[in-house]
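Turn these sequences into a full structure, and let the hints guide you.
These are the residues of each chain, in order.
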Amino acid sequence: MIKIEGVKISGIAVCVPKNFVNNEDLTENKKLISSIGVKQRHIASENQHTMDLCVIAADKLIKEMDIEKNSIDAVIFVSQTPEYQLPATACIIQDILKLKNDIVAYDVNLGCSGYTHGLLLASSLVKSGLVSVLLLAGETPSKIVDENDSSSNLLFGDAGSATIITQKVDSNISFVLGNDGSGFESIILDNDNNKKTNNKSNFLTMNGVEVFTFTLKRIPQLIKDTLTYSKLNKDDINYCIFHQANLLMLKTLAKSIDINFDKFLISIDKYGNTSSASIPLTICHNREKIVKNPEKILMAGFGVGLSWSTAVSDLKDTVILPIMEA
Amino acid sequence: MTKDEILKIIANTIEVDSVDESLELNDVWDSLAIIIFIAAINQDYGKILDPQGVFSAKTAKDLIDISMQDL
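Quick mapping for you: the protein sequence lines, in order, are chains A and B. Throughout the first sequence, residue numbering follows our numbering, covering 1 to 326 in sequence. Throughout the second sequence, residue numbering follows our numbering, covering 1001 to 1071 in sequence.
Every clue listed holds true.
Quick list of the computed label-pair ranges, beta carbon to beta carbon:
id	chain 1	residue 1	chain 2	residue 2	range
1	A	D314	B	V1016	46 to 56 Å
2	B	G1053	A	E68	57 to 67 Å
3	A	D180	B	S1018	34 to 44 Å
4	B	D1017	A	E288	36 to 46 Å
5	A	Q85	B	T1002	48 to 58 Å
6	B	T1002	A	Q40	34 to 44 Å
7	B	N1012	A	K289	26 to 36 Å
8	A	K231	B	T1002	33 to 43 Å
9	A	E28	B	V1016	14 to 24 Å
10	B	N1026	A	I2	48 to 58 Å
Cβ-to-Cβ under 10 Å is the rule here; a few derived chain B residues that face chain A:
id	residue
11	I1034
12	I1036
13	A1040
14	D1044
15	Q1052
Everything labelled a hint here was simulated from the structure, so no lab data went into it. We put the beta carbon where it would ideally sit given N, CA and C, even for glycine.
Take a look at the structure:
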């Protein structure tokens, strides 16, 4: 449990591919569509990658916030679909965005919990004295999903996000984080024949039942711990912005932690599960609601790893841009 | 939690009007059905079922036994 004082989420932007697919065009299984809650998903074109979507979001955010690029002291890229195995995509993005050379730049290999983990890393850097940090979280699962695997092919969408974290007196973000590597095979892409797993594939494989059960076991306690640590009760929370895993899971979690589902902001119906981008995407998708009640926002990411984390923050005066398409 | 309540959840899960204990799950018991069943038991009774047990169930009676275990 970590509380970082003097930091603020100053701006958030998201870019999705302009191409989208309707799930009803892909399957007649309406029960599956209603359970996962995904009606449509945006899918990157062949030459459009996670980095491209994040760069568009970042460029727009920097311009809209009129940020001096020299004030950006770090760029963190959170993704499991990086541009290359090496070098780190953040290193490339520094050059594309024409950021200064005396900058911290590195990648974080996390998925569903990546945004909230990334917020902790960015906040820690700001707390250590950096002026502002650019956090990029995105994924293009369409590049790694088997088209014939209906459980994942209908679920995932592509998106890239950019978030600016800056110094601000009297502002703070509280975090609770955790990990259980014993479940690492539950969501995996193992195309390396040297490894000893049972999931050899060139595509992402996911044991949906195991992931669902993991979530039911871990996340309600995680939320209780977060509220206790933040000295809040569940009625204090204005909005729950959870990783958009699937609609059934979100509804089951809401009931389990006994928070009215009206407080859960949703984007999965129009964008699918976009992994580490799903929390900022849900914020941008619901920006008009959040602007009216920007205090005490509970964010939670959970999944591949198996990894989980929460962040409690105000989004008062945060620049939240409408979702862009490219 | 009663047997009849669990049978009703099973029927809702596989989208039929009603089932009895002898129902053989066979092809209808895919991963989506398992998740929907686990979610329903959790939502209605706050219980988290062992996924392997639900996955291995052959009949509706197996699901009743798993659901009522440790009550």
